[in-house]
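Guided by the hints, dock chain V onto chain L, whose structure is given.
Number of protein chains: 2
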Amino acid sequence: MNCIIASTSTIHGSDYLAYLQPELHELFKDIHKILFIPFARPSGITHDEYTQKAREGLAFLNKKVVGIHESDNYREAVKNAEAIFTGGGNTFLLVKQLHDHHLMDTLRQKIESGSPYLGTSAGSNICGPTMQTTNDMPIVMPKSFQTTGVLPFNINAHYLDPDANSTHKGETRETRIKEFHKLNDTIVVGLREGSWVRVVGKKMNLGGKLAARIFKPNEAAFEVAPNYSFNELS
Amino acid sequence: MNCIIASTSTIHGSDYLAYLQPELHELFKDIHKILFIPFARPSGITHDEYTQKAREGLAFLNKKVVGIHESDNYREAVKNAEAIFTGGGNTFLLVKQLHDHHLMDTLRQKIESGSPYLGTSAGSNICGPTMQTTNDMPIVMPKSFQTTGVLPFNINAHYLDPDANSTHKGETRETRIKEFHKLNDTIVVGLREGSWVRVVGKKMNLGGKLAARIFKPNEAAFEVAPNYSFNELS
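Chains as they are written, first to last, in this note's numbering: chain L, 1132 to 1365; chain V, 1132 to 1365.
If we strip away everything but chain L, and leave its shape as in the complex, we get (with noise of 0.2 angstroms):
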């Protein structure tokens, strides 16, 4: 495989996707065209607002970028796809939208044959066994949770530390994962703004400057550094 799998998009004090330019001229540096996959929809925007959006942001890159809303035949195009983008927004209209469409088992398998695939926030968290550790709000039901599994653990993007000054009384993230691993097994990895998961071939490691959490069942939550192999986790 050959994936970045981005907790955000975009980085406080910087532009959509700027952060990431470095790996991203050596993730898609031997391809033309790059499939983007804007069903996530961000506040709604429509999917060829969202494409044009992608298309600016990696417009650095000097590729096409086309969405996958354009073609006819959304599995074929993710079959011919050289390279998969797919952007961040509402995880569970995303995975809806790739369940309805028969798309995720087809999408595993172009990632797991090695095409370059870019996932930010929901577009990374449907590269765990399942998408039970978005954030989102439920604002449509998918047919299932299940996701692509091409990483062997769950991510939870955008993840956010207790605050230790809040007054407020709502769940902290830990505690939703905690809840989360009351009743299920799946390693959560929890990805800060500006850490992303690097994949090449076998090999999985934190890039970014920053350390993650991660969550097993039954275990105390604990910190990797940057780099870290992911194979270690079991």
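Don't read these hints as lab results, they were simulated from the structure.
No incorrect hints appear here.
Here are the simulated DSS-like cross-link-like pairs (lysine-lysine), alpha carbons at most 27 angstroms apart as the crow flies:
| id | chain 1 | residue 1 | chain 2 | residue 2 |
| --- | --- | --- | --- | --- |
| 1 | V | K1184 | L | K1313 |
| 2 | V | K1309 | L | K1274 |
| 3 | V | K1300 | L | K1340 |
| 4 | V | K1309 | L | K1227 |
| 5 | L | K1313 | V | K1274 |
| 6 | V | K1300 | L | K1300 |
| 7 | V | K1274 | L | K1274 |
| 8 | V | K1347 | L | K1227 |
| 9 | L | K1184 | V | K1313 |
| 10 | V | K1309 | L | K1300 |
| 11 | V | K1184 | L | K1309 |
This is chain V only, laid out in the frame that chain L set:
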């Protein structure tokens, strides 16, 4: 109807249910026994543990508190209850249990019959037509996102205003609710912690000292003051 539908069980610096004590005296004044629904299991605590917590939180009332899980027949327990309290926790888990046990419609009928009902957090989310504006993680897949619909609008519990100083790029609560409205028409009431909806007969008013935030599709969100009548909404 006769309900207190609260954003949260607990406010900062105060004990479980303490801020609601005067209201709960009034709500439960004519009843002897309260049926507690512990299905949402906050932090994954057991049904027994959660029922004990509710019992302690309601001890000031000197009423009997029994957990629904102690009953042989959950539907009969709801049908025969004098009053019901559904506690917070994970809304997906609560809604899955209510659907799996065919309790959603029974609960709706019970509440509509005028039996006193207290909901906090997840227990309030189930009072709208759907649970689709929950903040919780999809740790299990319920059969449906439909809920009791005893209120004509959805609740967003633990409503949080955007933090102007935040550097975090995850979606704000308002952005998430706007995404909901790109695909759904149900009005959403953002209830801040310390607020509740008081339902007496057909009258629905905002309880507590804080404003609430109302979201309608295709309109700017707006604030309403304490004691606001939700009957004005349409």
